[in-house]
Amino acid sequence: MTPTDLALEARGLRKRYGDKQAVDGLDLAVHRGEIFSVLGPNGAGKTTTVEILEGYRERDGGEVRVLGEDPQTAGREWRSRIGVVLQDTRDLAEANVGELVRHFAAYYPRPHDPEHVIDLVGLRDKVRTRVRQLSGGQRRRLDVALGIVGRPELLFLDEPTTGFDPEARRSFWDLVRDLRDQGTTILLTTHYLDEAEQLADRVAVVQDGRVVALDRPSELGGRAARLAVVRWVEDGVPREIRTDEPTRTVVELAGRWADARGSAAPLEVPGLQVLHPSLEDVYLALIGVETSVAPVVPTLQGSTR
Amino acid sequence: MTAATAPTTRSELARPEALPGTLHLGLVRARLELRQYFRERDAVVFIFLYPVIMLAIFATVFGQDGARVGPDGGTVPFAQYFLPGMVATGVMLSSFQSLAITIAVERDEGGLKRLRGTPLPAAAYFLGKVGQVLVASALQLALLLAVAGLLFDVALPTAPDRWFTFAWVFLLGTAAGSVLGVAFSSVPRTGRSASAVVTPVVLVLQFVSGVFFMYDALPTWMQQIASVFPLKWMAQGMRSVFLPDTYLPMEVAGSWEHPMTALVLAVWAVVGLVLGVRTFRWTRRDAG
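Quick mapping for you: the protein sequence lines, in order, are chains A and B. If you count by UniProt numbering, then the first sequence holds residues 1 to 305, one letter each, in order. If you count by UniProt numbering, then the second sequence holds residues 1 to 288, one letter each, in order.
It is possible that part of the hints are untrue.
If you only want the chain B side, here are some residues facing chain A, beta carbon under 10 Å, derived [said to hold, decoys possible]:
1. Pro20
2. Leu25
3. Arg31
4. Val105
5. Arg114
6. Gly117
7. Thr118
8. Ala124
9. Leu145
10. Ala146
11. Gly149
12. Asp245
Have a look at the derived ranges for each label pair, beta carbon to beta carbon [said to hold, decoys possible]:
13. Arg128/A x Arg192/B: 26 to 36 Å
14. Asp60/A x Ala217/B: 52 to 62 Å
15. Pro166/A x Gly21/B: 41 to 51 Å
16. Glu58/A x Val201/B: 27 to 37 Å
17. Val201/B x Asp215/A: 49 to 59 Å
18. Asp165/A x Leu150/B: 49 to 59 Å
19. Val127/A x Ile53/B: 30 to 40 Å
20. Ser135/A x Val45/B: 19 to 29 Å
21. Trp168/B x Gly25/A: 51 to 61 Å
22. Arg16/A x Val204/B: 51 to 61 Å
23. Leu151/B x Asp178/A: 30 to 40 Å
24. Ser135/A x Leu49/B: 52 to 62 Å
25. Gln182/A x Leu49/B: 47 to 57 Å
26. Leu275/B x Asp201/A: 46 to 56 Å
None of these hints come from the bench; they were simulated from the model. Note that the structure is a prediction, hence the values are computed from the model and not measured. Glycine included, every Cβ here is placed at the ideal spot set by N, Cα and C.
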């Protein structure tokens, strides 16, 4: 992998607030054209990290290259190549959707057609609506429109789907995938693990200012974290087995169950479940959250997959 | 100039590849700022219309039955007597109060942070603010003078030198008020507290600066405090525009003190500029 394939690279990144080491030697490398998701509990240092990458904060130590430049010293030309969608903005209440998208397009040397962007985020019928009258989800879509209208090579999305209804989230995910497919690199910060699972090509889990896991969503946590759990109830007591061959386990269990009861035909095993860990389960295990259901990592829940 | 990779739509053909110019973006910003300003009901009532409303109330209450005020042989209608103070107030509200509140709110709501993430130059942002303040206060003063002249029979000055004084007091006052507004915008802790923090400052200054009462009727210590601040000088400058010279004996100094007025306003403009540049930030204070 040559350096030019990287949209973004951080090495040994450090940032301290008072006596709290918010970012503590963090390494990150994001390839061009991928959706890269940063996960982590509140206070893990992910916001600080992303804001250093966006050029909002100065680092104490480490090396950072974003689109080949140091965000701390990069100028307007660099800013015209990135797009930033912040969380928790309540500004621009009195302007309307169309005015704003056209206005922000004027900041950039090579913007998308604002009308096309308005269509893309699904705000065509709100084009004359003032921001104060938009719903939470519509506001977020406007934020995204303002973030992408400059045709960024690298787009930062911070909690983009907060306040979305399920349908709006689906269509937003399609939009993000389309942007990726057109070559935009996307750095996604989210609290929704299913969102990261749906969108991200790779995921980094940040804790205590460091990357503690980095992989594709389907591989995160390694094989041990990915073991399925087979559960059933025997003599009124819940039992479970962790295995990477759940089908074989179920077959053996069924055979033993029937034999023990002198039946030639298979008998129903009470409470039989086969559970696969979701990204959320793996994530919770990685950051050390235990639940009452399964004290060993990974914590498991749900069997919808 | 169209990028080879991009679909050539009309708006893209019209745009050059280079970064848009700062002056052009300043105009684009001013247009958006003005649009938002006049759509904000609070701004329109408490900043834009405030001096007009106050003038109408004072002139109506005190000017009943054509009452006049002033030294013997040089009396003017009450509306004319109040007009300079209201003009000075308008300049201060449209520059200082408006900017101190809106920038504090923009910072708190994340609007400034959003702009910082775009290639918009800081200079263009401030040019937009300047444009918004100049246009809004010019309209405000035009409305104020029209109401005074047409509804309250105030004889507006005709001599060019009086309008020249009006122009430089207006411009210097606006400049000082604007940069001080930018600097003061860092004082309120949140956007919600911004008007609560800024408005009393303005109100106190109005009372001690001779905007509502005759300045020479105020206690000396109050005059001394007021003469440190720009509003007193703006009001005095505007009195020299709208009141006849028969009013000169009522000035504490016995003259309009134009050079001193220009000096104080210019010093405040420089002080405000330095403070504004040093204290301005794109993000909330608690953002580390």
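Violations among the numbered hints, reported as their numbers in ascending order: Hints 9, 10, 11, 12, 22, 23, 24 contradicted; others consistent.
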